[in-house]
Amino acid sequence: MTESTWMRRVLIGIALAFLGLVLIVPLGTVFGGALEKGFANAFHEVQDPITGAAILLTLKMAAVVVPLNLIFGISAAWSIAKFDFFGKKILMTLIDLPFTVSPVVSGLIFVLLFGAQGLLGPWLAAHDIQVIFAIPGIIIATLFVTFPYVARELIPIMQAQGNDQEEAAVTMGANGWQTFYHVTLPNIRWGLIYGVILLNARAMGEFGAVSVVSGHVRGLTNTIPLHVEILYNEYNLVGAFCVASILAFLAIGTLIAKVLVKKQGEL
Amino acid sequence: MNIKIEHLRKNFSDFTAVNDVSFTVSESEFVTLLGPSGSGKSTVLRLIAGLESPDSGIIEVNGEDVTRIPVQERKVGFVFQHYALFRHMSILDNIAFGLKVRGVKRSVREAKAKELLHLVGLSGLDRRMPTQLSGGQRQRVALARALAPEPGLLLLDEPFGALDARLRKELRSWLKKLHERIKLTTLLVTHDQEEALELSDKVLVMNQGRIEQEAAPQAIFDKPATEFVAAFVGETNRVEAIVQDGEVYWGPLRFGSYYVPDGSKVTVHFRPNDVYVASQPGEAHTAGVIRSILFLGATESLEIELDKGHTITAHVPTGVAAQSGFHLGKEVYVSVTRSHIFFSLGSA
Chain A
1 MTESTWMRRV
11 LIGIALAFLG
21 LVLIVPLGTV
31 FGGALEKGFA
41 NAFHEVQDPI
51 TGAAILLTLK
61 MAAVVVPLNL
71 IFGISAAWSI
81 AKFDFFGKKI
91 LMTLIDLPFT
101 VSPVVSGLIF
111 VLLFGAQGLL
121 GPWLAAHDIQ
131 VIFAIPGIII
141 ATLFVTFPYV
151 ARELIPIMQA
161 QGNDQEEAAV
171 TMGANGWQTF
181 YHVTLPNIRW
191 GLIYGVILLN
201 ARAMGEFGAV
211 SVVSGHVRGL
221 TNTIPLHVEI
231 LYNEYNLVGA
241 FCVASILAFL
251 AIGTLIAKVL
261 VKKQGEL
Chain B
1 MNIKIEHLRK
11 NFSDFTAVND
21 VSFTVSESEF
31 VTLLGPSGSG
41 KSTVLRLIAG
51 LESPDSGIIE
61 VNGEDVTRIP
71 VQERKVGFVF
81 QHYALFRHMS
91 ILDNIAFGLK
101 VRGVKRSVRE
111 AKAKELLHLV
121 GLSGLDRRMP
131 TQLSGGQRQR
141 VALARALAPE
151 PGLLLLDEPF
161 GALDARLRKE
171 LRSWLKKLHE
181 RIKLTTLLVT
191 HDQEEALELS
201 DKVLVMNQGR
211 IEQEAAPQAI
221 FDKPATEFVA
231 AFVGETNRVE
241 AIVQDGEVYW
251 GPLRFGSYYV
261 PDGSKVTVHF
271 RPNDVYVASQ
281 PGEAHTAGVI
291 RSILFLGATE
301 SLEIELDKGH
311 TITAHVPTGV
321 AAQSGFHLGK
331 EVYVSVTRSH
341 IFFSLGSA
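Protein chains in written order, with this note's numbering: chain A, 1 to 267; chain B, 1 to 348.
Rather than coming from a laboratory, the hints here were simulated on the basis of the structure.
We treat Cβ as the ideally placed atom computed from N, Cα and C, and that holds for glycine.
Each hint should be verified, as a subset may be incorrect.
Reference excerpt, derived from the structure (chain B facing chain A, CB under 10 Å, subset only) [said to hold, decoys possible]:
id	residue
1	80
2	89
3	102
4	151
Let's have the full structure, built from the sequences with the hints guiding it.
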């Protein structure tokens with residue numbers, strides 16, 4: 001390197017200052033705000049039954065969304081990486097759609113589709129199925145917003161590995177499932193875990209799309225991020241910061257898990 | 001296992017990879033598909049394995065049509081150019097894989113895998129991971145793995161293509177010995193003519209999806225059926241000659257007489273080691289001047305200008321070259337001892 005020492009220090013300084021301003025300070029504020037009235041009070045806030053319902057709903061929603069998007073992600077990555085078919089380019093573009101569409105807009109799409117005045121509204125009403133302002137709507141919106149994560153993580157890995165090992169397995173007599181389980185899955189496992197971690201974090205933290213479809217029914221259709229907003233709007237700042245801390249912990253946990261998985265995958 | 005291939009065809013969108021290919025492989029025979037890249041040889045191998053399905057044609061194994069039978073049921077062992085070992089499995093688990101998926105008991109399959117590891121000369125490496133082996137060792141493991149389910153047919157797709165020249169030679173003679181021992185019907189795909197000539201009972205030379213010649217290695221080399229075979233297998237001098245008074249001429253060289261119309265265009269191939277070079281004039285020897293000398297080790301490659309526009313290449317044993325005192329600018333006398341003449345359809 002030809003840069004002088006002071007130049008290097010300035011650059012590192014800028015990076016650290018920026019990081020502090022947009023990351024450390026807000027995180028500190030969240031935890032600081034939560035603990036403003038002491039640990040006991042923070043604990044009490046989190047134990048509020050409505051908060052508990054929000055946490056439970058978020059976990060339930062993730063328990064449905066993560067497996068579904070895992071299956072979708074593996075199928076999409078497998079078909080894109082291993083086969084040539086008509087419409088492959090379109091499928092690849094569509095997978096990225098949730099990245100480019102604003103979450104609020106995607107929420108609105110589902111309201112227009114499943115809402116009382118929506119395209120499928122009358123049919124759903126006739127069959128007594130409620131999607132919008134209910135849990136199914138939250139799940140569908142979250143599914144949409146998070147569906148690129150696993151596929152995007154796996155496609156480059158699968159493309160780089162090619163088909164050789166799978167072909168070797170089938171010539172030795174392995175059927176499709178045996179080939180997937182014994183050959184493909186071990187080769188993609190770290191990428192898969194990495195994708196699932198990102199998927200889970202995004203699913204639990206999603207605000208925009210879920211906000212539009214949930215209807216904010218307290219104790220029923222409120223996820224953690226929505227609950228934070230309600231508490232904040234009601235001037236319960238300590239409560240809002242306490243619940244936000246849960247999401248912050250989730251984010252930090254995700255970050256640590258990501259680093260660990262990446263390290264494993266490189267071994 | 002014997003194989004009969006009839007009128008096999010395979011297109012990839014608008015590219016014809018295999019174009020009406022027919023041949024047979026007898027029990028215990030070692031047959032090589034030789035050709036440049038893109039000639040369709042690997043596709044033929046993949047069609048036989050069942051990794052691709054043909055657009056038309058029949059693949060028969062032991063008299064039974066297997067064209068539409070899935071790959072798992074074809075009982076072939078396939079070895080890939082880049083080994084395709086399972087990276088996350090030990091060497092032993094790699095070799096035992098084919099038995100594991102068939103539900104063979106662990107103790108039985110591990111004993112069998114160890115036996116095969118011994119056969120390929122890698123005893124003791126069973127607990128290693130593929131990344132801990134050299135390229136040559138990996139390919140031997142790949143071979144052991146392909147042999148484990150006791151296939152009736154071994155298919156080798158450029159198995160030594162990723163190895164350096166010395167190792168390739170070593171593995172070649174090792175494979176030949178192994179084949180003599182286990183006598184398994186084997187089909188090898190390669191672009192390396194030395195490999196094909198050294199290993200095979202029969203060579204099929206492929207070009208643009210077709211078989212140009214099917215013959216024993218010696219015949220491929222000595223009696224090329226087409227111009228492509230003459231040029232692809234071994235080095236040649238290729239010259240375009242004309243026919244005058246029923247005789248084929250190229251500059252001062254004469255290549256014998258043929259019953260073709262005068263003025264016909266013919267292509268003549270002759271190998272540099274079929275050019276006899278002498279320092280003294282003799283009967284039917286054509287004069288020329290040495291224009292360049294290339295030292296190749298056991299032989300020297302001489303470029304000899306016969307007259308303006310007519311230069312040929314000759315290979316002379318290094319000892320002979322030294323004895324005869326060949327040097328740049330020296331006048332020498334040449335005769336072509338053997339040549340292959342191909343008639344083109346058009347006339348001049």
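Structure-based check of all given hints:
Below 10 Å, beta-carbon pairs count as interface contacts, and residue 80 of chain B has one with chain A at about 5 Å; its hint therefore holds. A hinted interface residue such as residue 89 of chain B counts as satisfied when its beta carbon comes closer than 10 Å to some beta carbon of chain A; here the least separation is about 8 Å, so the hint holds. Using the Cβ-Cβ criterion of 10 Å, the hint placing residue 102 of chain B at the interface with chain A is satisfied: the shortest such distance is roughly 6 Å. The closest approach between the C-beta of residue 151 of chain B and any C-beta of chain A is roughly 8 Å, which is under the 10 Å cut-off, so the hint is satisfied.
Violation of the numbered hints given earlier is absent; every hint is satisfied by the structure.
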